[in-house]
Each structure stands twice: as structure tokens, then as C-alpha cells.
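Chemist: Just so you know, the sequences run in chain order E and Z.
Under my numbering, think of the first position of the first sequence as 1, with each following residue one higher.
Under my numbering, think of the first position of the second sequence as 346, with each following residue one higher.
Bear in mind the hints are in silico, worked out from the structure with no lab data behind them.
For clarity, every value in this text was computed on a predicted model and none was experimentally measured.
Beta carbons: idealized from backbone N, C-alpha and C, even for Gly.
Among the hints, erroneous ones may be present.
As the list claims (entries may be wrong) - Label-pair restraints from in silico Cβ distances:
| hint | chain 1 | residue 1 | chain 2 | residue 2 | range |
| --- | --- | --- | --- | --- | --- |
| 1 | Z | Q463 | E | L345 | 34 to 44 Å |
| 2 | Z | K515 | E | C242 | 43 to 53 Å |
| 3 | Z | V382 | E | T129 | 46 to 56 Å |
| 4 | E | K40 | Z | I417 | 33 to 43 Å |
| 5 | E | T129 | Z | I447 | 39 to 49 Å |
| 6 | Z | Y505 | E | V324 | 49 to 59 Å |
| 7 | E | K40 | Z | S494 | 51 to 61 Å |
| 8 | Z | N562 | E | L121 | 50 to 60 Å |
| 9 | Z | L527 | E | T259 | 23 to 33 Å |
What the hints assert, rightly or not - With a cut-off of at most 25 Å between alpha-carbon atoms, the simulated SDA-like pairs for lysine to any residue come out as follows:
| hint | chain 1 | residue 1 | chain 2 | residue 2 |
| --- | --- | --- | --- | --- |
| 10 | Z | K379 | E | I102 |
| 11 | Z | K387 | E | H5 |
| 12 | Z | K359 | E | I234 |
| 13 | Z | K555 | Z | P591 |
| 14 | Z | K379 | Z | P363 |
| 15 | Z | K387 | Z | D566 |
| 16 | Z | K555 | Z | P608 |
| 17 | Z | K594 | Z | Y532 |
| 18 | Z | K555 | Z | I488 |
| 19 | Z | K387 | E | W106 |
| 20 | E | K216 | Z | S419 |
| 21 | Z | K387 | E | Q112 |
| 22 | Z | K489 | Z | P610 |
| 23 | Z | K379 | E | A7 |
| 24 | E | K216 | Z | P437 |
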Amino acid sequence: MTQLHNAFTLFLSLLVEAFPFLLLGVSLSSALLLFIDEGKLIASLPKNPLLGAIAGSCIGFLFPVCECGNVPVARRFLMQGLPNSAAIGFLLAAPTINPIVIWSTWVAFRGQPEIVFYRILFSLIIAITIGCIFSVQKDPRPMLQPLLAQRITQLSRQPRFARSRKQEPNLKESMLLQSGTFLLGTGNGPMRLDEMSAATLTLTRDQPSVMGRRLKLFIENVTQELRELGGMLILGSAIAACLQVFVPREIVLSLGQGTISSILAMMLLAAIVSICSTVDAFFALSFASTFTTSSLLGFLVFGPMIDIKAIGLMLSIFQPRMIVYLFALAAQLTFILALFHSYFL
Amino acid sequence: MNVLSKLKPSPKLKFLLPGLDILAILAWGALLFKSWVTGQLKLLIHPNYFLLVFVTSIFLIILGGVKTWLWIQSLRQKGNNGETVQHISIFPPGWGSCLLIIAAIAGLTIPPTIFDSQVALQRGVSDSLPITQRETQSFSVNIKPEERSLIDWIRTLNAYPEPDAYQGQKANVTGFVVHSPLLPDDYILLTRFIISCCAVDAYPVGLPVKLERDRSNYPPDTWLRIEGEMMTETLAIDTQTMQETPTQKRQLVLSANSITTIPTPDDPYGYSN
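Can you build the whole structure from these sequences, using the hints too?
Modeler: So, in C-alpha cells, the structure goes:
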């Protein structure tokens, strides 16, 4: 009973510490989704694969979203013609390279600032490498979901299909000639159903941009993300608290002290618990006294890129094959870098 | 998009979902506000983040209020509430809110525990700060030995671990009793937990105290104020790592002159700066 009570206290302390950061991340990402013009952003990105991957990874700094928020954003980027390297760089790096995540990691590991530094560095290296690898494939369509690929084909037939939304009326006129499911009664014209994600709706410019309406959408977005991510946070914290209290310390210690076993264990844990990157540093903190620093880094770098929840979301963009590639590449690179850290840094 | 999102909520549920959201937001606002007001935050997180929690609770309560107002408005204009945007959802409808509500209610009704000697032994109490924690701060030499708290003593020892340097210094410290199986029967470890971020990383530090009689008079978890004098003893265990050493080793221990039992303090934990 005491054990259970202790576990509950740990659970509550994780939640209380993490909730402000979660709310901050959710509010900022909702605000930015409403106010940043992605069209302009995409137009200003370099075309060179390496530079594109670097720029894409760094845009993450503008979008303080965790992995749940960045998948829809990356999806929109791809549809608007962002080069593969930049879109994939963004997808992998954004959950880590953003101010909220950096701050929360620093709060959790104030005693070891090097963790914050290596987390950013390793995430950037991995995101840029994978971004460059996929830039070899110029046409994104074979990687994407059939529906999404079809959509891009249709868009590319529009000679003046724009990187900026301002030219979208051209597209609207020809909607009648296209197949698919449309929604009527949203703004001036029909809207395709496969564009229906919250953020797309909120961003559509045909809506009267009355401040009140934006505010309403902002609140709606904050609530929805808070509900989804809060639910994940609760499950993740419960797992962390139970592992800390109920698993005998000897087992954790023996697993956590081995160079390779600790890295593999933490990466596996990262993939399973699917905890949001804005708050995963607090989760990792509960292992700080028993696991090696390199394995904590493995957790902090791998978790935001690939976990069960993110795979679910990525299925809305990519072919399963593509997700297997991403998963394998990210896992190998994380493992190598964490191993490098444990031997040389 | 997602298998789960195909489960369409029934109209009745759809009507209730915004209500669940509002309840979840308000419940969390209330939980954070309550733990701030009642001082329970001291048991959960480092004081640096108290303000952050307070601001979050106020924001959540305002958000809940605005949401309620919007909901009532949309209920008034029946049929025109098609505003709700469908998100890519991980949980079936309503699950996320329910989890949040359940956790908040549990938090509001069950008070957090104060970690006890069991936890201290499990987490490995010793008289040194774990190496993974931040480096020892510098100390002003102005603090008189008898004014040092238990945690100040541990820090001082970490900065300069030579036992003889403290021989004869007076000490007046509070903490709770831990019976370490490795120490002889006339020794207790006077212990406190230190928090550097939240309760998850709370780590125990303890100072060995030499008693005049058997330790059974002071059961584990009793809070004590001990006045005494520092002295060196040779023990077969290393108190810095709490492991047996093959040879006897000189250790700093506190020899107790007066021992008072005190109630559990309101702020039982120490905090790393």
C-alpha cells in the first residue's frame, strides 16, 4: 500500500512539473499555427539538399510542437512542395529543436547541461543525415500515402500551383474537375476532405480573419491538443512511476549500468511510452540515478523522432515501407551516437 | 485517418464531449491551484517552479471559464455549433478528457506522501551527493558549524571530505531515522531527501549518528533533532558509498548529546540550488 502511495506521489510530481510545459508548448504551437504564413516560409528555403535539410531541421525552432503537432505540419509542408530533405529534416528535428523542449530539458537536467547540448546536437545530426538520404529521391510521391501522392500529382498539374497560399483561388476554380470528397459551405468554395486537419482548417485564408474567430480556434486547438497530449502524459507518467517503485532496483541497476544494454533499454522504452517531447525530460529524470548518461541521451534523442504514437500519426503521411526506413535509420544513428558518447565524450 | 477516429461519437456523446473537456481543464486548474495554496507542492517539486505552476493554474481556470462561456453560447444557437474541428485523434473520443479528469480527482483527494526510510534505503542513502547531481556549491565560511543544516553538512563534507577537519565541531541537525543494516546497532543514519527538480529525482543523504544506547529506542521514520559533536570513528563500511570496506576506515560521525523527537516538519525535503 505504501509502495502504491509512493508511486502515486511520483506520478503526481511528474504531472505537476510537466503540465506547465505541456500547456506552454500547446499554446505556442496553436498560436504559431494561426499566425505564421507557411507559404512564405517554404518559398524562402534553400533548394540544395544539405542546406534544405539543415534549414528544415532548424525551422523546428519556430514551431514549438512536439511529435504530435509536427506530423500534420510536415504533411502540409510536403503537399505544398517543400523538398523532401527539408520536410523530413523538419519532421525529425522539430520535436527536439524548439525552445520549450530545450527549456524543459534544461530544467530537468540543470546539473548536467551537457545533456541539453548533446540532445540538440545529436538530433540535428540525425535529422540532417536522414534528410539528405531522402533527398536522393526527388519525387516524394512513391514514399507517400496513395491518397496524398495522388493529391500532389493533381496539384503539380496546376501550372501555377503555388508555394504561397495567396494563389490558391486558381486551384479552387478547377475543383469541380477533380475527383474526391468535398465539403461545401466552408468559406467561398468547396474544400477537399483530405485536407481536413485542424490546422489546415484554421489556416485557410477564406475564413473571415476576425480576431474573435481566431481566438476561438486558438482555444479549440489548445483544448484538443491538451486533451490528447495530456492523456498520453498521464499514461507515460504512470508507467515511469510504476517502473521506479515496483521494479526491483537490482534489475534496473544491472540493466542500466551496461553500456550497450542501457542504451537499448532506454531506446526501447522511448518507443513504447510515446511521451511528448516537451515533457519527456522529466520522465528521463526518473532514470538519471540508475542509467548511464549515454542511455538517457538515447532516450531523449530517439523518443521524439519515433515512437508508437508517432508511427500512428506518420501512417497518415507515409507508406509503411517508408516508416520502416525512417525507424531503422533513426534507431541506428541514435544507437551509434549514444555509443560514441559513452566511449569518447 | 486512424482506426480509432472512425468510431464516431453518438450524438448524445458529441453533446457531452465539450463538457468533458471543460471539466478536465477546470479540474487541472483546481488541482494545480490547490497544491500551490496548501503547500503540497513542497512535496512534489523544486520551489523554483512554484510560480510556473501557479500561473498555469490561473491560465487553466481562465481557459476553462472562456470555454464554458463559448459552450453555453453555442448551446443557445442550436444547430450552429459546427465549429468543432476534427483533430487527428489518438484516443477514442472522450478518453483523453476522462484520463485527465480521473488523474486530477485522484490528485485532489489523495495527498502526496513524504518519502520514508524504506525509500531512502531503496534509493541508497549515503553521506555524499550522487555524482550525477549538480556540483557542490561553494559555501560561505561564515556559517557556524552548529547552524549548518544536515544538508549543509553533507555539502561541506562533499567539498572537503577529510573527517579530521571537523573533529570536535558542534552540530545541531534535524532529519528522520534510517536503520541501515550495514551499521552497528548503536548507529542510526539521520537522513533527509533532496529534490533538484521533482520528487522523481529525490535522493536521500544521511549522516551517521552514534548513540549512547541501542537504536531500537528510535524506530525508523521518527523525526529527530540531534545536538552533538562531530568525531571520527573507524568503521568497516564506507559511509560515502554505504558499502562494506575490507579494512576499517576513518569516518566522520555525529556523537549525539541530546536527542529530541519532533513532529514531521511541513517542508521535510531539502532542495539543491
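Chemist: All hints are to be evaluated individually against the structure, with a verdict given for each.
Modeler: Hints, verified against the model:
1. Z:Q463 / E:L345: 34 to 44 Å: Holds - the Cβ-Cβ distance for Q463 (chain Z) and L345 (chain E), about 37 Å, lies within 34 to 44 Å.
2. Z:K515 / E:C242: 43 to 53 Å: Given range 43 to 53 Å: holds, Cβ gap about 44 Å.
3. Z:V382 / E:T129: 46 to 56 Å: 50 Å, holds
4. E:K40 / Z:I417: 33 to 43 Å: 39 Å, holds
5. E:T129 / Z:I447: 39 to 49 Å: 42 Å, holds
6. Z:Y505 / E:V324: 49 to 59 Å: 56 Å, holds
7. E:K40 / Z:S494: 51 to 61 Å: Given about 57 Å between the Cβ atoms, the range holds.
8. Z:N562 / E:L121: 50 to 60 Å: 56 Å, holds
9. Z:L527 / E:T259: 23 to 33 Å: Holds - the Cβ-Cβ distance for L527 (chain Z) and T259 (chain E), about 29 Å, lies within 23 to 33 Å.
10. Z:K379 / E:I102: Given that 25 Å is the threshold and the Cα spacing comes to 28 Å, the pair is violated.
11. Z:K387 / E:H5: 17 Å, holds
12. Z:K359 / E:I234: Within the cut-off at roughly 23 Å; holds.
13. Z:K555 / Z:P591: Distance of about 21 Å is within 25 Å: holds.
14. Z:K379 / Z:P363: Holds: K379 (chain Z) and P363 (chain Z) sit about 24 Å apart, inside 25 Å.
15. Z:K387 / Z:D566: Answer holds: K387 (chain Z) to D566 (chain Z) is near 19 Å, not above 25 Å.
16. Z:K555 / Z:P608: Holds, at roughly 22 Å.
17. Z:K594 / Z:Y532: 16 Å, holds
18. Z:K555 / Z:I488: 24 Å, holds
19. Z:K387 / E:W106: OK: K387 (chain Z) and W106 (chain E) at ~21 Å, within 25 Å.
20. E:K216 / Z:S419: Holds, at about 12 Å.
21. Z:K387 / E:Q112: Distance of about 23 Å is within 25 Å: holds.
22. Z:K489 / Z:P610: Given pair K489 (chain Z), P610 (chain Z) holds - Cα atoms ~23 Å apart, limit 25 Å.
23. Z:K379 / E:A7: 20 Å, holds
24. E:K216 / Z:P437: Distance ~23 Å between K216 (chain E) and P437 (chain Z) Cα, so the pair holds.
Comparing the model with each earlier hint shows a violation of hint 10 alone; every other hint is respected.
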